[in-house]
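Protein chains in written order, with the numbering used here: chain X, 25 to 268; chain V, 25 to 268.
Careful, some of the hints might be misleading.
Copies of the same chain are indistinguishable here, so a pair counts whether it falls within one copy or spans any two.
To be verified - Within a straight-line C-alpha distance of at most 27 angstroms, the following computed DSS-like cross-link-like pairs (lysine-lysine) qualify:
hint : residue 1 : residue 2
1    : K267      : K56
2    : K234      : K56
3    : K234      : K267
Please keep in mind that the hints were generated in silico from the structure rather than gathered at the bench.
Owing to the predicted nature of the structure, the values given are computational and were not obtained by experimental measurement.
This is what each chain is made of:
2 protein chains.
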Amino acid sequence: MTYCVGLRLRAGLVMLSDTRTNAGVDNIARFKKMQVFEDAGERSICILAAGNLSVTQSVIAQLEADIDHVRAGGRGECILTTETIYSAALLAGQVMRDIQQRDSSSIMAQGAAADATLLFGGQRRGGELRLFQIYSAGNFIEAGDDTPYLQIGEHKYGKPILDRVIRPETTIEEAIKAVLVSMDSTLRSNLSVGMPLDLCVIRGGELSHKELRIEADHPEFRQISDSWAASLRQAFNNLPNIKI
Amino acid sequence: MTYCVGLRLRAGLVMLSDTRTNAGVDNIARFKKMQVFEDAGERSICILAAGNLSVTQSVIAQLEADIDHVRAGGRGECILTTETIYSAALLAGQVMRDIQQRDSSSIMAQGAAADATLLFGGQRRGGELRLFQIYSAGNFIEAGDDTPYLQIGEHKYGKPILDRVIRPETTIEEAIKAVLVSMDSTLRSNLSVGMPLDLCVIRGGELSHKELRIEADHPEFRQISDSWAASLRQAFNNLPNIKI
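Input sequences plus hints: build the corresponding full structure.
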């Protein structure tokens, strides 16, 4: 499985993914699930992927091929040239639909699941920060102020902390801590989600991204994980007793 | 849906269930999912149920009917008369299997799910504290020192806190707080789990139970919920920043 989370805040986009994939518990591997597509100063897009790896890799490969084609002077559009981020998400949704149409019945005939979902976040020059969740059918939903975050994969373990702390006005620094704590809870409770992590931040208006690979021995991540565990224990000890 | 959790500690059994059931989001109701069967001083058993309500109610009704039958001098056994708690769980598993055989194909023919699971915890005079999770097929697993808790229904939201604080030597008082915090996180993140709650404690060797219905305005539960939220916020504020 996978756990990916994306936040659309006033200050920017914060996206985090793990790197574990598994076909059964005896076939575990490490794949990057985060891809950044950027035309610096013009637009920056970050895509996180969950679900059938052959499907999500095919979608990413096709999006890359389209970019190469357009950059080489070919006709048509790619996610870096559409008028808006919304149209870029539409395009990614169409690619998802095409791959599903090509592959899903054969995959399912083998008894495997072809489901795949993407978190698609980005900003173009002159546009707003946008964050979409694209489904297997190519349709999508968008994060807004009421729900500023989207999750794909093993999302339940790490949802409570996001529900408690994430607001549209949350700062990037707070948001990074929140997604890391959300991931930390998921890592502890579900073996199918694993280190290392990939973190991407696209600050509003910068039209470029910052990316960080967080390995298991990353000192600040370890500190966050340990400090959170200790604080929870202390918070827990301070709770009042219930009489029964 | 449902969220039920049971702990098997050195000190006793702690079991907690919500009361929300739903057939679609437009058909929400309140049903007690906790049943206690007791022959005080001899044995005490607490059963929590998740899944198809018609199935779990049928199982409970049959277990009650068997008890009535035996108490009226009828032949055969019931969960209060089997030699051990293990045999009582076997008996409940057999009832589950019988009900599934009778009902599940018709339920599934209507497009509904017949899955059901039980947490079955108890102690008999002279025996150990036991806690089982009984599946739709009537088979079951048992909690042990390595994993002293079992969950059924919407278990993922509330799992991280249990992983962090529950050990076999956890006291009953701490355990009650832990299951309430686990439930609180689930209630905040999943609408299909709802107040009021039912809490049952069977202390080791007492062979009797204590039960508490916790309504939404229960003052200590509100205090736990609010204090936990405030502590998490504070713990969160104290986390170190990650540079990117």
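For each hint, the structure was consulted:
1. K267 - K56: between (49 angstroms within a copy, 21 angstroms between copies)
2. K234 - K56: within (16 angstroms within a copy, 51 angstroms between copies)
3. K234 - K267: Intra 51 angstroms, inter 10 angstroms, cutoff 27 angstroms: inter-copy only.
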